[in-house]
Every structure is written in structure tokens, then in C-alpha cells.
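J.: Below are the chains, spelled out letter by letter.
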Amino acid sequence: MSQGPNMVVCIKQVPDSAQISVHPVTNTIMRQGVPTIINPYDLFALEAALKLRDQLGGKVTVLTMGPPMAASALRKALGHGADDAILLSDRFFAGADTLATSYALTAAINKIGAERPVDIVFTGKQTIDGDTAQVGPGIARRMGLNQLTYVSAIPSIDLEAGEISVHRRAEGGVQVLKTKLPCLITMLEATNELRRGSLPDVLRAERAEIKVWNAEAAGVEDLGKCGMKGSPTKVSKVFAPKPRAEKAKMITAEDGAPASVAAAAVETLLDADPRLLSVLTKQTTVA
Amino acid sequence: MAQAPAAPPAKGRKKTEELPEHLKAYKNVWVFVELEHGRVHPVSWELLTEGRKLADALGVDLCGVVLGPKAEGTEKAVAEAFHYSANRVYVIEDPLLAEYRNEPYTKAMTDLVNKHKPEILMLGATTLGRDLAGAVATTLQTGLTADCTELAIDDDKSLAATRPTFGGSLLCTIMTRAARPQMTTVRPRVMAMGDPDRGRTGEVVREPLDMAEESIVTKVLDFIPDSDTNQAQLAYADIVVAGGMGLQRPENIRLVVDLAQVLGAEYGCSRPLVQKGWMTADRQIGQTGKTIRPRLYIACGISGAIQHRVGSEGADQILAINMDPNAPIFDFAHHGIVGDVLELLPALTEAFRKRLAVDRMAG
Numbered sequence: 000m001s002q003g004p005n006m007v008v009c010i011k012q013v014p015d016s017a018q019i020s021v022h023p024v025t026n027t028i029m030r031q032g033v034p035t036i037i038n039p040y041d042l043f044a045l046e047a048a049l050k051l052r053d054q055l056g057g058k059v060t061v062l063t064m065g066p067p068m069a070a071s072a073l074r075k076a077l078g079h080g081a082d083d084a085i086l087l088s089d090r091f092f093a094g095a096d097t098l099a100t101s102y103a104l105t106a107a108i109n110k111i112g113a114e115r116p117v118d119i120v121f122t123g124k125q126t127i128d129g130d131t132a133q134v135g136p137g138i139a140r141r142m143g144l145n146q147l148t149y150v151s152a153i154p155s156i157d158l159e160a161g162e163i164s165v166h167r168r169a170e171g172g173v174q175v176l177k178t179k180l181p182c183l184i185t186m187l188e189a190t191n192e193l194r195r196g197s198l199p200d201v202l203r204a205e206r207a208e209i210k211v212w213n214a215e216a217a218g219v220e221d222l223g224k225c226g227m228k229g230s231p232t233k234v235s236k237v238f239a240p241k242p243r244a245e246k247a248k249m250i251t252a253e254d255g256a257p258a259s260v261a262a263a264a265v266e267t268l269l270d271a272d273p274r275l276l277s278v279l280t281k282q283t284t285v286a
Numbered sequence: 000m001a002q003a004p005a006a007p008p009a010k011g012r013k014k015t016e017e018l019p020e021h022l023k024a025y026k027n028v029w030v031f032v033e034l035e036h037g038r039v040h041p042v043s044w045e046l047l048t049e050g051r052k053l054a055d056a057l058g059v060d061l062c063g064v065v066l067g068p069k070a071e072g073t074e075k076a077v078a079e080a081f082h083y084s085a086n087r088v089y090v091i092e093d094p095l096l097a098e099y100r101n102e103p104y105t106k107a108m109t110d111l112v113n114k115h116k117p118e119i120l121m122l123g124a125t126t127l128g129r130d131l132a133g134a135v136a137t138t139l140q141t142g143l144t145a146d147c148t149e150l151a152i153d154d155d156k157s158l159a160a161t162r163p164t165f166g167g168s169l170l171c172t173i174m175t176r177a178a179r180p181q182m183t184t185v186r187p188r189v190m191a192m193g194d195p196d197r198g199r200t201g202e203v204v205r206e207p208l209d210m211a212e213e214s215i216v217t218k219v220l221d222f223i224p225d226s227d228t229n230q231a232q233l234a235y236a237d238i239v240v241a242g243g244m245g246l247q248r249p250e251n252i253r254l255v256v257d258l259a260q261v262l263g264a265e266y267g268c269s270r271p272l273v274q275k276g277w278m279t280a281d282r283q284i285g286q287t288g289k290t291i292r293p294r295l296y297i298a299c300g301i302s303g304a305i306q307h308r309v310g311s312e313g314a315d316q317i318l319a320i321n322m323d324p325n326a327p328i329f330d331f332a333h334h335g336i337v338g339d340v341l342e343l344l345p346a347l348t349e350a351f352r353k354r355l356a357v358d359r360m361a362g
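First to last, the sequence lines map onto chains A and B. Letter by letter, the first sequence follows residues 0 to 286 in numbering that gives the first Met the number 0. Letter by letter, the second sequence follows residues 0 to 362 in numbering that gives the first Met the number 0.
Be aware that one or more of the hints could be misleading.
[As the list claims (entries may be wrong)] Derived pair list, reagent style DSS-like, types lysine-lysine, alpha-carbon separation capped at 27 Å:
hint, chain 1, residue 1, chain 2, residue 2
1, B, Lys156, B, Lys75
2, B, Lys114, B, Lys23
3, B, Lys69, A, Lys236
4, B, Lys26, A, Lys228
5, B, Lys69, B, Lys106
6, B, Lys26, B, Lys75
7, B, Lys75, A, Lys281
8, A, Lys248, B, Lys353
[Claimed, not checked] Taking beta-carbon pairs under 10 Å as the criterion, some of the chain A residues facing chain B (in silico):
hint, residue
9, Gly135
10, Glu188
11, Val260
Quick caveat, the hints were computed from the structure, so don't treat them as lab data. Glycine included, each C-beta is placed from N, C-alpha and C at the ideal position.
Just need the whole structure built from these sequences, with the hints factored in.
T.: If you want it as C-alpha cells, here you go:
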């Protein structure tokens with residue numbers, strides 16, 4: 000086996016929000032028949048790991064926690080070129096918030112690392128259904144991994160020295176960070192494009208055995224820290240947002256000429272937001 | 000984590016939702032004042048304004064937390080936290096806090112929480128705030144609710160944190176009844192910023208960091224400010240103009256850029272334009288691209304699919320231009336123009352140019 004990095008990519012199966020519609024009368028979500036996808040942000044994490052494997056060799060294991068149907072997300076990831084897939088699935092994991100999720104995933108990653116230590120754990124920057132961006136930092140903290148969030152590039156990695164440097168998106172700029180392996184990286188969106196799987200990978204994925212680990216198999220020590228029981232946050236209420244009272248107010252002009260409509264639009268916008276004009280004049284004078 | 004003592008469960012409420020005795024000492028509302036390179040992120044003042052309402056509802060103090068190097072900017076942040084109605088500010092000044100790094104910031108924050116015991120801790124949902132909040136909440140084994148859009152105090156004095164879920168199609172209210180502090184993050188521009196009272200002061204509590212550089216594994220080699228690059232600054236732009244398939248040809252992107260220039264705005268696009276290679280991915284607005292929250296958003300020839308909607312509907316004001324009067328973008332835009340963007344964009348650019356020139360001469 001190659002001496003390249005041992006990598007784990009955490010992914011999540013989510014409902015495809017592009018296919019979600021809201022019932023026009025009841026204003027509730029119509030979930031029926033909504034297809035599931037791999038959380039789009041996770042694809043950037045998967046590709047980042049595959050790229051490192053191109054360069055250095057090593058192994059990419061995809062890991063997800065979810066119901067048995069989440070195996071299809073793993074199969075898809077195998078089709079893109081991941082080497083191995085593990086589904087963490089157990090009724091004890093149901094209803095987990097981010098703290099309980101990071102606990103279970105940590106157990107599984109430790110188990111993966113028992114064979115050969117894990118060098119890098121990858122996650123997406125967040126999921127599109129939960130949007131919390133907390134599970135990555137949670138895993139890092141629990142495992143004592145150096146935490147690198149919002150990474151846009153991995154310019155260098157030195158396995159011998161056990162060092163990695165990354166570009167991290169910060170407020171108002173990019174931090175160039177250097178740290179030690181093992182580390183956890185949450186990849187920023189739009190930083191790469193996931194490769195199409197090769198034909199052999201796609202065929203292999205179809206037949207591949209997805210390992211399913213329950214809590215015991217994953218080596219979870221404390222079931223009380225899993226699922227709903229291990230979650231300090233509780234959802235007390237779910238409700239539909241108030242529909243916007245009315246649709247867009249249409250701006251028109253008597254003569255219908257673009258110039259007249261445009262002039263009317265400018266006045267409409269400035270009237271609706273009295274501070275807009277000062278923002279505009281300030282910005283454009285500076286520019 | 001310490002176990003809850005066996006208290007009789009309250010009526011209709013499970014034991015796991017009871018606040019353990021030792022956590023009842025946690026009091027006061029804290030806001031992390033996000034200081035980077037000598038400047039405070041404005042979301043901090045938005046949070047102090049919101050935190051004031053929560054502190055008043057609970058009858059407790061509102062406190063700021065300022066972490067940074069010993070510098071003028073740090074002292075200024077402390078003074079300003081009082082202006083935005085903090086009663087007390089906890090300060091850790093240490094050279095190790097000059098650049099944001101997870102390790103020293105997590106230690107600083109968790110040490111402060113463990114010593115001074117706040118019941119609520121609010122952070123901005125920025126890249127820094129989210130990086131820090133996730134690590135702190137895991138260390139403290141407490142609940143963290145991200146990207147809240149509404150905060151209120153429940154009748155049992157717990158924090159009711161409401162946030163969008165399912166890509167914004169639903170809202171949910173989340174409680175952390177049995178752990179402290181109750182942590183939340185809030186995105187910039189979600190809460191209103193109050194007017195500062197420049198005469199206000201308060202109590203400053205200083206604590207040491209108690210950490211050595213050698214013990215911090217991660218080093219900051221460089222910081223490349225965005226002004227030095229051509230990176231799009233969509234997320235925090237005040238004004239955004241974006242184009243979609245209605246532009247018809249890649250050369251018409253210029254019409255979007257022209258309007259953006261006159262407005263001092265950032266420009267972006269919908270997903271299909273990135274897929275066609277007409278614009279770079281860092282300018283994509285939507286669920287798999289950037290979420291924007293500008294004061295004004297002008298969407299030109301964008302149909303407004305849910306994927307685009309969730310990334311843009313946080314704008315204060317949306318003007319949509321589209322040929323199709325039934326385009327979904329008109330369901331969430333505030334103002335609409337039905338027409339051809341190729342005609343209307345140049346007209347709008349010209350109209351703004353004239354209007355702003357008049358105002359500048361007058362002002």
C-alpha cells in the first residue's frame with residue numbers, strides 16, 4: 000500500500016433543495032418524491048482529497064452517518080473515485096444535533112484510524128439542509144486535530160515533516176496557515192470541480208460493498224452521547240415562514256420607454272430606502 | 000460532561016430538558032466582539048443591540064468579550080462595546096491573539112466562560128465566528144444554534160433561537176434547556192444595529208491568556224487582504240448586481256459590470272452562467288455559491304429558482320428585471336420590471352449615473 004496520506008471525507012445525504020417546492024396554498028414543504036443528493040459542499044471536500052491522492056497516493060475513505068438509504072450517496076462517491084465507503088447507521092444515532100453527530104463520526108474515524116492513522120479529515124464547509132458548519136470543528140475538537148476551516152487551496156503538504164499549509168478564507172482576506180498533521184479541513188465552495196468517475200470506478204461502485212457500522216461496530220463508547228439523547232439542542236417548533244405579503248411591485252412608465260422605466264426604478268429604490276443614496280454617493284465618490 | 004442530578008422532571012418535560020443545579024449559576028448575556036486587524040466586525044454591534052433586549056428581558060447584564068493583542072484597536076473595541084450598551088467587557092490582551100487562530104481563541108473563550116459563567120453567548124456567523132463557535136461549543140459540550148434570525152426569551156427563561164432550515168423553506172425554533180451557555184451565531188445584517196451612545200462606559204474585567212506560542216501548532220504565515228486580489232466580495236457587499244441567462248451572450252456581462260461600477264457595487268451571476276464558463280465560480284450567487292445580504296440587490300435576467308433564492312433573498316431590497324412576468328424571482332423580489340435586460344440595463348446605468356451626479360453636485 001502506498002505511503003500517501005490516509006484521508007477520510009465526511010459527506011451527508013441531503014434532500015435536493017433545487018427540487019423542493021412550497022405548497023402555494025398551505026405554504027408547507029412538499030417533500031414527497033424529493034430526490035436526495037450528496038450535500039453539494041461535500042463534493043469540494045471529496046475532490047480536494049482525490050486531488051491529494053493524485054499527487055501523493057494514499058487512500059480516500061468516504062464516511063456518512065444516516066439511514067440505510069444513505070448508502071447510495073456513498074456509492075456515488077465511490078463512482079467518483081473514492082477507495083472505500085462506510086455508512087454509520089443505527090437507531091441510536093437518530094435525531095442527533097451537531098454535537099452528537101460529531102461524537103458518532105469521531106468514533107468511526109478513530110476506528111478507521113485504528114488500522115492506519117488518519118492524516119486528514121475533510122468535510123464540506125456546511126450542509127445545505129442544516130447549514131450549521133459545526134460538525135467539522137466538532138470533530139476536530141474531539142479528535143484533537145488541527146482545525147482548518149474554509150480552506151480554498153492546499154499549496155503544500157509534506158508528509159515526512161507532517162506539515163501542511165493552506166489558504167483559509169478569513170474576513171477581508173486570505174490567511175496562509177501552516178500546521179501539523181493530522182488535521183481537519185473544511186473545504187470552501189467553488190474551489191475545485193468534482194471529476195467524473197472513470198468507467199472502472201463507476202462499475203466498481205455499482206458492485207462495491209458498502210460497510211455498514213452500527214454504534215457497536217464503530218466503537219461508540221457512550222450511547223448517551225449519541226442521537227437525540229446526546230443532543231443539547233432540541234427543536235421545539237417547526238413552522239413555515241410567513242409568505243411575503245405581496246409579489247414584486249411592478250415598475251412601469253407611461254410611454255414604456257426603457258429610459259423612463261429606468262428613471263422610475265431609480266426613484267422607487269431611493270424612496271424605499273432613505274439611506275441608500277448616501278451609501279451610493281459615498282461608494283462611488285471613493286471609487 | 001457532568002451529569003444532571005436526579006431532579007424530579009417538570010410536568011410534561013423530559014428530564015433531559017431540565018437545567019442541572021450546577022448550571023443555574025450561569026448568568027448574563029455575552030457577545031463576542033469580533034476584532035481582526037484592529038477593526039471590529041459590525042456584526043458585533045448588531046449582536047450587542049440584540050443582546051441588550053435579551054439581557055433586559057432576563058434582568059441581567061450584557062457583556063462584551065474582546066480578544067486581541069495589546070493595541071490601540073483593542074482598547075477602542077472595548078470602549079465601543081460600552082457605546083453599544085454593554086455593562087461589562089471581558090478583555091484578554093495577548094500578542095498570541097494578534098491574528099485569529101482557532102487554538103488560542105478557543106482557549107481564551109472557554110477559559111472566560113468557565114470562570115465567569117454566562118447563560119447566553121452570541122457570536123457573528125462570520126468565517127471567524129463559526130470557526131470559533133463550533134470549537135467552543137464542543138469543548139464546553141453545550142448547544143449551539145447557527146444562523147439565527149430571531150432570538151427571544153422563553154417563559155422558563157431559556158433562549159428560543161429561531162433559524163431557517165431546509166434551505167430557508169421552513170423555520171425552526173431551537174432550545175438548549177439543559178446545558179449552558181446557550182450559544183448562537185447570527186449572520187451579519189440580520190439584526191439591526193442601534194445608535195451608539197458615545198458617553199457610556201462600564202466595567203472592564205481583564206484576564207490573562209496563559210498560553211505560550213510554542214504550544215500553538217498552527218502558524219499564520221501570511222495574510223493577503225482582499226483589496227490586493229480580484230476576488231469577488233459578494234458576501235459583504237452593500238450593493239450587488241447580478242446577471243442570469245437573460246443576458247443571452249457572454250459579452251453582455253459587460254452591461255452588468257457597467258451598472259455595478261456606477262453603483263460601486265459587486266457583481267455576480269446565477270449558476271447557469273458559471274456552468275457555461277461566462278463568469279468565475281467566486282461570483283456565483285445561490286445555495287452552492289455565495290449567500291449575499293446586501294442593502295440592494297438588482298437581479299437581471301435571472302429566473303429565481305430556489306437555489307438562487309436562498310442565496311439572495313436576505314437582501315433588504317430586491318429589484319428584478321425579467322422578460323417573463325411569471326418568473327419565480329417576482330415572488331420574492333420587492334420591485335419588478337418586466338422587460339428585456341439588454342435594453343433596461345444600459346437605461347438603468349444611465350439613470351443612476353445622472354441621479355448620482357445631481358446629488359453629488361447638490362451635496
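J.: Measure nothing beyond the straight line between the CA atoms of B:Lys75 and A:Lys281; if it is 27 Å or shorter, mark the hint as holding.
T.: holds, 24 Å
J.: Return the status of the interface hint for A:Gly135: holds when the least beta-carbon distance to chain B is below 10 Å, violated otherwise.
T.: holds, 7 Å
J.: Does the structure keep B:Lys26 and A:Lys228 at a Cα separation of 27 Å or less?
T.: holds, 25 Å
J.: Does B:Lys26 pair with B:Lys75 here, judged by a C-alpha cut-off of 27 Å?
T.: holds, 26 Å
J.: Given the proposed pairing of B:Lys114 with B:Lys23, does the C-alpha separation stay at or below 27 Å?
T.: holds, 14 Å
J.: Does A:Lys236 sit within 27 Å of B:Lys69, going by the straight-line distance between their CA atoms?
T.: violated, 45 Å
J.: Does the closest beta carbon of chain B sit nearer than 10 Å to the beta carbon of A:Val260?
T.: holds, 6 Å
J.: Please work out if B:Lys69 and B:Lys106 have their alpha carbons no farther apart than 27 Å.
T.: holds, 18 Å
J.: Holds or violated: B:Lys156 with B:Lys75, Cα cutoff 27 Å?
T.: violated, 33 Å
J.: Can we keep the A:Glu188 interface hint, with Cβ of chain B closer than 10 Å?
T.: Holds, about 6 Å.
J.: Does B:Lys353 lie within 27 Å of A:Lys248 when you go C-alpha to C-alpha?
T.: Holds, at roughly 24 Å.
The structure is inconsistent with the numbered hints 1 and 3, although it conforms to all the rest.
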